[in-house]
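> Since the structure of chain H is provided, determine the placement of chain S on it from the hints.
There are 2 protein chains.
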Amino acid sequence: MAEKKLVESITSMDVDFAQWYTDVVKKAELTDYTSVKGCMVIKPAGYAIWENIQKNLDAMFKETGVQNVYLPMFIPESLLQKEKDHVEGFAPEVAWVTHGGLNPLQERLCVRPTSETLFCDFYKNDIQSYRDLPKVYNQWCSVVRWEKETRPFLRSREFLWQEGHTAHATMEEAEERTLQMLNVYARFCEEVLAIPVIKGRKTDKEKFAGAEATYTIEALMHDGKALQSGTSHNFGDGFAKAFGIQFADKDNKLKYVYQTSWGMTTRMIGAIIMVHGDDSGLVLPPKIAPTQVMVIPIQQKKEGVLDKAYAIADTLKSNFRVKVDDSDKSPGWKFSEQEMRGIPVRIEIGPKDIEAGKCIICRRDTREKIEVALDALEEKLSEVLAKMQSDMLERARAHRDAHTYTAATMEEFEKIFTEKAGFVKAMWCGDQACEDVIKEKLSVTSRCMPFEQEHIADTCVCCGKPAKKMVYWGRAY
Amino acid sequence: MAEKKLVESITSMDVDFAQWYTDVVKKAELTDYTSVKGCMVIKPAGYAIWENIQKNLDAMFKETGVQNVYLPMFIPESLLQKEKDHVEGFAPEVAWVTHGGLNPLQERLCVRPTSETLFCDFYKNDIQSYRDLPKVYNQWCSVVRWEKETRPFLRSREFLWQEGHTAHATMEEAEERTLQMLNVYARFCEEVLAIPVIKGRKTDKEKFAGAEATYTIEALMHDGKALQSGTSHNFGDGFAKAFGIQFADKDNKLKYVYQTSWGMTTRMIGAIIMVHGDDSGLVLPPKIAPTQVMVIPIQQKKEGVLDKAYAIADTLKSNFRVKVDDSDKSPGWKFSEQEMRGIPVRIEIGPKDIEAGKCIICRRDTREKIEVALDALEEKLSEVLAKMQSDMLERARAHRDAHTYTAATMEEFEKIFTEKAGFVKAMWCGDQACEDVIKEKLSVTSRCMPFEQEHIADTCVCCGKPAKKMVYWGRAY
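Residue numbers (the numbering used here), protein chains in the order written: chain H, 1 to 477; chain S, 1 to 477.
These aren't lab readings, by the way, just hints derived from the structure by calculation.
Treat the hints with care, since some could be wrong.
Claimed, not checked - So, partial list: chain H residues that the calculated Cβ filter (under 7 Å) puts toward chain S:
{"hint": "1", "residue": "V36"}
{"hint": "2", "residue": "C39"}
{"hint": "3", "residue": "P44"}
{"hint": "4", "residue": "Q67"}
{"hint": "5", "residue": "P72"}
{"hint": "6", "residue": "D121"}
{"hint": "7", "residue": "I354"}
Glycine included, C-beta positions come from ideal geometry on N, C-alpha and C.
Chain H with its partners taken away, still in its complex shape (with noise of 0.2 Å):
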């Protein structure tokens, strides 16, 4: 009975996913609603995948030379308006202060909703020459939108984020840069989080405020929805003239700088969530997971049972994240729990077990059950976590495989969004008023350019002008 009440209150993910999401991040206890509109309360076990997510991602950072700085959370409004595509973009959903201790202020300002202008006028005086370049500054930091829609990790007024900023002598440096950042977006993606995701670029439409070009990888969620996954954006010289960042370059100009900035964010859980999740719960990829192991003594009254349990887990934590449940509860509610909470890999021991010489794994992505000899444990677990990360890479990259569809007419394209969800890959000739067509007909966006072409077609999906570029179309979180 008590068993099945944990998992009996997940609504099924075929059924409803978008109420499977919510009860999973509830059940789960990765976050909380709070009294703060549209805010939520990242909790321990949620955190703990942030702080993983940042581990890993920030270790990446740094080997390529980025480091870490803090600035200021306020953006004064005239900063804020200093380059015209920026502000327009990034106005209608700020948060203003307008108030500090009893006085009113006498200029207003905004909760940053991301620093490209305070990072400009920062570059503006730390930037003279030649030597003081590259900048390839980064923060980990909160950012507020204000949305009026929002779902936990998903969309919602505050977020966590990196947000790295870079100030370069060239263009090509820049761009460099920025494909760079893009390429460790998409290698932490598919090595650490096993999200496979495709990389390209936004159109004009899609790209950022401000920026000269953005790059984005997409990743195919569960239900066949889009998730863009970390952006990295070219922005050229523009921000650099409107905020007049020069520098004395070698033959002694003037000359102003390139910039890029890049970004990604705890969406992430929520895309680790929807790609890797199932109806028992939360499926956690080994390298992320905060716990790795669970160890489940079975009847651990009986003498010696709990004492190796500790035992087991004391032999394995330098090589794993690993705990005991030593909680009061039935074996068979330990084993949802850790199933809900998507703990990569649970060991069974009990008496007999002892006896004998050893225990039971068993993997939460496929439930397998194998028996090991307890002196084979730390190897066996080792091979274990090795081989689901990469199955769990391997079944996600299928089933987005199995969820990308082609489409050389709007008939054609019409038919797999009305009736499939997925990617469509589709010819564009290049022309915004097609994407506009397709949002308003389908609500389906141009998701990105992917540098991998292919020719489906020689018109234009929408339109039947000659094709430019093939895109990934999707409906999008």
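Frame of chain H, contents of chain S only:
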């Protein structure tokens, strides 16, 4: 010439300590000013110190069972007002958000100055039964207090910190946690930052708004001023009653929880500067230094010198945070820079050293130069860094002890604070009126009632009535 310029630009600390501080912060490239009044940029050299503070302190927290979470940065006005003392303490210095996007908000939100009210609002729903206790949560974030006068790290409108917030079934357990975290802070300051601290309790006048008891660690800066370095508060059940945070206890009765909070901030970077710095710049304790060893090649253009410098760094990097200064500057300039940035040890290596199979180690704090055979370098470095760490603590302790005075009468008390700077230990009757008189007269505040009480006199240093407590007094940052 060039070598001198870097150092000459620092004011001597004996001439003008405040200017020396400002100079060091700027020349060591720790922070920069911004267009946002009262807010600073924390530059890479400053932020890297904060990252090490976070890493060390977070590990110590987790050893005591702390779990990290993230709560919103906004507090609805009605929520802030629920605990009377708390809102009185903070309302005058908060920043108010009044507009979201293009619309005025129905209720204004303050940017968190501290998060007691948010944690209470969260715990109210999250805690139902004694099984849910204790909650031992912490968050790393930034907070905002609309200060009038600001100084980098010491006082700014936005600063970074951690804030722990816990809930317990009994008052005893809350008190135990309050003191446990104070001890963590004290141990962190002494063992990692090499800063000795006085542990004690704040008087009611100086305690946190809404707390039943505030405990503090107080450090003495080089100029004899005190710096409150970490505080830990026991709220009793005051917040629980204001917010209605109840749990069903084992006896099935509904009871209020007992709460604590505790915080440490980026002002500790200011403490490191002001305790350990000298007229050549920063001196970083090895355990917190982002770079512990700088290899400086001499005559680096001669064949083999740079290669050897890289090879040495390569050998050391598994055990030390090491860099090579291979820039085009002169060795003298590099020495000055390494000293300014407070890098604990430099290794000087030139053609003659290489020939002789040796190098020079130079300690930042004592400037002691030690000749070391290259094959004994690793061992010697470990020894030197460990010695430097403990010497720095002992030196700081000796300085503090030499600047800690006792006063039995108001005449003595005034004389010391007129002629000298430091801590003064003196007796107090327990009446706030005496604190007010002392503050008014001498700009001196009670720093704490130390756990280690001494008997200086029978009567209060101010009013002459019977004394209740021995108090540390000082001029504070």
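> Are the hints correct? Go through all of them and say.
Each hint, compared with the structure:
no.: 1; hint: V36; result: 4 Å, holds
no.: 2; hint: C39; result: 4 Å, holds
no.: 3; hint: P44; result: 4 Å, holds
no.: 4; hint: Q67; result: 4 Å, holds
no.: 5; hint: P72; result: 4 Å, holds
no.: 6; hint: D121; result: 5 Å, holds
no.: 7; hint: I354; result: 29 Å, violated
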